[in-house]
Amino acid sequence: MNYSHDNHLYFYGGVHPDDSKKLSACEPIKDAPLLEKYTVIVGQNIGAPPKVIVKKGDIVKKGQKIAEASAFVSANLHSPTSGTVSAITEIIGVFGAIVPAIEITSDGKDEACESTKIEPSKASPEELLAKIADAGLVGMGGAAFPTVVKLSPPKAKKIDTLIINGAECEPYLTADYRLMLESPDKVLRGVAIFAKILGVNRIIIGVEANKPDAIENLRKSHLLNEYGIEVKSLRVRYPQGAEKQLIYALTGRKVPSGGLPMDVACVVQNIGTSFAAYEAVYEGKTLYERVTTITGSRVVKPGNWRLRIGTPISKAIELCGGIKGDVAKIVAGGPMMGLAQISLDTTIMKSSSGILLLGNEEIIQYRNQPCIRCGNCVDVCPMELLPGPLSVYIENERFDLAEKEFVMDCMECGSCAYVCPSKRPLVQHFKRAKAEIIAKRKSQQLSQKAK
Amino acid sequence: MTELKENLKMPEQEKLVASVSPHIHSGVSIRKVMLLVIISLLPATFAGILFFGLPALKVIVLSVLFCVFIEWAWCRIDGRTDDWKDFSAVLTGLLLALNLSANVPWWICPIGAFLAIGIGKQLYGGIGYNPFNPALVARVGLLIGFPKIMTTWMPSLNMRDSSHPLHKLIYDVDATTCATPLGVVKTAVSKPDTVQNVFHSLCNFDAYLAYLKGDMPGCIGETSVIALLLGGVLLIALRLIKWQVPIAFIATVAAISGLVNYFSPNTTPGPIFHILTGGLILGAFFMATDMVTSPMTTKGAVIFGIGCGLITSLIRIWGGYPEGVSFSILIMNALTPLIDKFTLRKPFGFRYNENKV
Amino acid sequence: MIILYSILILCVVALILGLSIGITAKYFLVEQDPQVEKILSLLPGANCGGCGFAGCSDFAKSLSEGKAEVEGCPVASAEVRKLIAQVLGKSVSDYIRKVAVVLCGGSNNFARKISEYNGIADCRSANIIAGGGKACRYGCLGFASCARVCPVNAIEICDGLAVVHSDICIGCGKCVKACPRNLIKLVPETITVHVFCSSKDKGVDKKKLCDVPCIGCRKCVKVAGEDEMLVDGFLVRTNYEKGPAADLPLRAGCPTNCLGNSFPYSYKKLSKGLIEEKVA
Amino acid sequence: MMNEILVITIGAILVNNFVLAKFLGICPFLGVSKKLETAIGMSGAVIFVMTLATFVTSLIFKMVLSENSYFSHLSGLKFGFLQTLVFILVIAGLVQIVEIIMQKKAPKLYSALGIYLPLITTNCAVLGSAVINAKEGRGIIFSTIFGFSSAVGFSLALLLFASIREKLELARIPKVFQGTSIALITAGILAMAFMGFSGLVK
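Chains as they are written, first to last, in this note's numbering: chain V, 1 to 451; chain Y, 1 to 357; chain F, 1 to 280; chain G, 1 to 202.
By construction, these hints were calculated from the structure, which means they are not laboratory data.
Check each hint, because a few of them may be wrong.
What the hints assert, rightly or not - Once the Cα atoms are required to be at most 30 Å apart in a straight line, the calculated DSS-like pairs of lysine-lysine come out as:
1) Lys232(V) x Lys22(V)
2) Lys15(Y) x Lys324(V)
3) Lys449(V) x Lys177(F)
4) Lys220(V) x Lys324(V)
5) Lys35(G) x Lys442(V)
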């Protein structure tokens, strides 16, 4: 199904997986019932993990801060419900490694802590920014980059465009889609808050053309011309929602290799983050719950649920009526960039946009056959790299050659591995190479300092 | 909600697969790619069997079987048990057979198979690592090893009746062997006085028709141009090969032979003759575009194609061998690593002043 | 006559060439330190980088400039070190050769898997993806990253566990850097008793994940001489300054058979006896 | 005159290439082709030495050693037998000069080529070009052009081969064939491909 769209700046490459969103597209967002225990993972954002400020036995209210941002690039953490902190434990995190977590046993009252609401038209940008920082907002698209850092670029970098990423190009996920359908005004007001903080006048919302009703719904709202927001429909192609590709598709500017969106005077935010900004400012609600799509062919009744941070995966599956058939893989996030989960008591984080339960016939069987240089990956890589030869260098531990051929520019979107006939785990090669190169650069800096 | 509770099955944790993202795949596999290339080779194979009869079928079957056997044996010794199941050996065997003439003795096939699969491919570690196209390594090896056998060509079926434009090419009484048009051109060029009418006899309209149909002597697979073009178009449609390679290859050969023919008509026939005869179409669409041994970027592919065209015309017009396609592709395969090094494309948003390589 | 002329020709040609070489040698003089040459000839020349320098010639140069110690080269045998010390005019302490040992005993049939790992057969890559499916997060992944980097192929992977052949090992330390879970230690060659476990979890948790963990029962500490075996949280460690006798594993009666000798001196009597047959 | 030069250069570079057709200078060809940088450095050295060597040796040959040379008229004697001795002497002298210059001007390349430098430039390719010139009795200018073009042919084959070997470093070659053996086989296939050019120059 190709949809008509009005953006004519096509980024290079990209793949076209079946978006299989129909499983959960028509399910309205439902609030998850209160659980008796939540285990909130401490390190939920890119950058330094926040410092825990509660100890065993403390009484906390819903939305009360339980961990303080420990650096500029960090984010506060809030309790999902009222109750007592039953333990500071460790659980298996989303990356499969053991991570520290705070266990909160609910007292059933679910009583919110007192919170201050602000009227954005009267408040100054600094107040709004402080409110967003206090609410612990992070990018909800999956990257979990602290929002306050993105919204306060250095003075030297002038920002003239705010881009809102409604592309949701990952298959299966419909969280943003439902938000756009059910509460467009809240989203638009959240966008306006960002625009006021940044002081930009050009605001564009990019939505992939396979969600025509969402685009229509946004365009109908009267707030568009009040805040001067443009809604553009984008070509349906993964990874349209990637920052660099989205900026190029909407503004024609190319973020320099190794650079940031602010280098081309743009800031990109997610629909979910805008909705959370609305709730933080207008309703004084901190970020302790988010909309997650629980879907996949092995779920009895796929759905979009507003889960609280710290809800274990097993409970989320229970909400959807358990599984049918045998589950080969549980993925946190989308099928293209999500992380395979190895334990059911891993809990929902601010960046968990989806829980997928996939059967054996749907998932890829990596076989690590040699690269036959067929060029499929070269045709689809949106960063215009050469994934095949890069993976051969990395397989032979030649990280110097890989670095010279720009492996650091890889954003691990997975398009190459999706079309590789030899079923090579290309993204795993690149993840490892980037880790080794960063470690080498760090040791070089240390040795330079030591000299 | 209560009745849902009973059938609440939970996935067993030990059976969950832990792997890197992405978790879904487009379904393409090496086996499918190889099968599609084999299918696009079928028209040329049937044309070969049609015009050269049973001996052609014997050569094809034998070389495919030997190639698969050697790959299976090598993989067993090497411990890679299921590598041979990806049909790449079948494709190499078929390509090798299409490069041999039909009346080649049976023992040429195992030697060719060993040269192609053994030395050409498995020695370098199996599919993906060989610098040279395996089928061509075998063909050139056999051509140099057994020049006499590899250059006795079999006349196609209906070349025997005298009305056939190429009837004169048969030079022995019971019409079992004959010369290829390129071979005749090579010998005719040395005798300047008769060269014009030899060229004329080979380059008239119904001779071209014979070349198009494939009703001419030559290797099994390289004769019928229509069948090859059919397969080639299928390959390009399925995006299995880069179209720049064959187009650049054929265009360069046509251009050079056209120029040379224009300036000194005695040295070589016109471009149409050069395109339709010899292994050019087979080489350009199937041999030069072998994924493993040709460059990965489109810029590299164009350079590769032009290079092949240059060397082919150099050998065909001035060289010692009548047919230069296989030599040129082998030499360009050797140049591919250099081409890849110089046609390295820059990533998205690369700016020369900031990101020095 | 002809001999006379031939000699004449040869002399003239030789003279011209000798002159031109002499002139170029004067203009393009590069002074060469003779001492570096001598040291380089003594060094084993494996260019293994164990000394931290880029190959033996680099190490020889820094040795002669005093920037490196003779003990820096782990591979050179004791008498080679004495020779180098003489060239440098220094004294050298007698030095016990170091070998590597993998402090984990969790091969596939002892350690449990918590998930099916489907990815690259390389330790550092598998470590990124949920610890390569191994239940114990400290255990050896068995994907041979260390074996591939060993210059003398002294590490063998048997049933998913890396085992160092300490008789072949030259102690260059490359495997120590290669292991993503830092299980490999360089220990003196004479001490062969090791606790084949590096997990810092509690004993009761470890038993769930592996059949041969060190549950911290300290039986071996009591049987061994005083402070030959050190206790480090829930884990027991061999004290490599004052190593215990080689037959301690027989006397200690370790309940989970975690205490043992490095290969090939393994008196390790395993209930299932797998490691011994497989490796021998 | 022009097509005479063309015949010599095409002949030396493509048709009877020193490495791939005449199989001269194989040991440096295999020794240095592990990395492209050393191959480039080495080909520079070979081109410099071979051109100079063929010029000087053909000069001496013309002046002294050949039958109708100036000196043999003077002394009425023939000195053909001195040919190899003098050629070796000249080439060794030139090599020494190149080694000293390179040690000063390109120390990094000097350490990279290491023991190969003396071995490289006194190999059979350099002496071969001198002896072939003498045997075919070319003039000084033509033999220098022959020396230069055969050195270019040598370098072409070397660079081609070095880039293939760098690619082979990444291949999964069985342990038995790794290193020089796979290099020899690949050089064999490359030589087979270059045989296509035989007969190009009459």
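Evaluation of the provided hints:
As the CA atoms of Lys232(V) and Lys22(V) are separated by approximately 22 Å, the hinted pair is consistent with the 30 Å bound. At most 30 Å may separate the alpha-carbon atoms for a hinted pair to count; Lys15(Y) and Lys324(V) meet this at roughly 15 Å. This hinted pair checks out: Lys449(V) and Lys177(F) have alpha carbons roughly 22 Å apart, not beyond 30 Å. For a cut-off of 30 Å, the pair hint linking Lys220(V) to Lys324(V) is broken: about 40 Å separates their Cα positions.
Restraint check for Lys35(G) and Lys442(V): the C-alpha separation of about 28 Å stays at or below 30 Å, so the hint holds.
Hint 4 from the list above is the single one not met by this structure.
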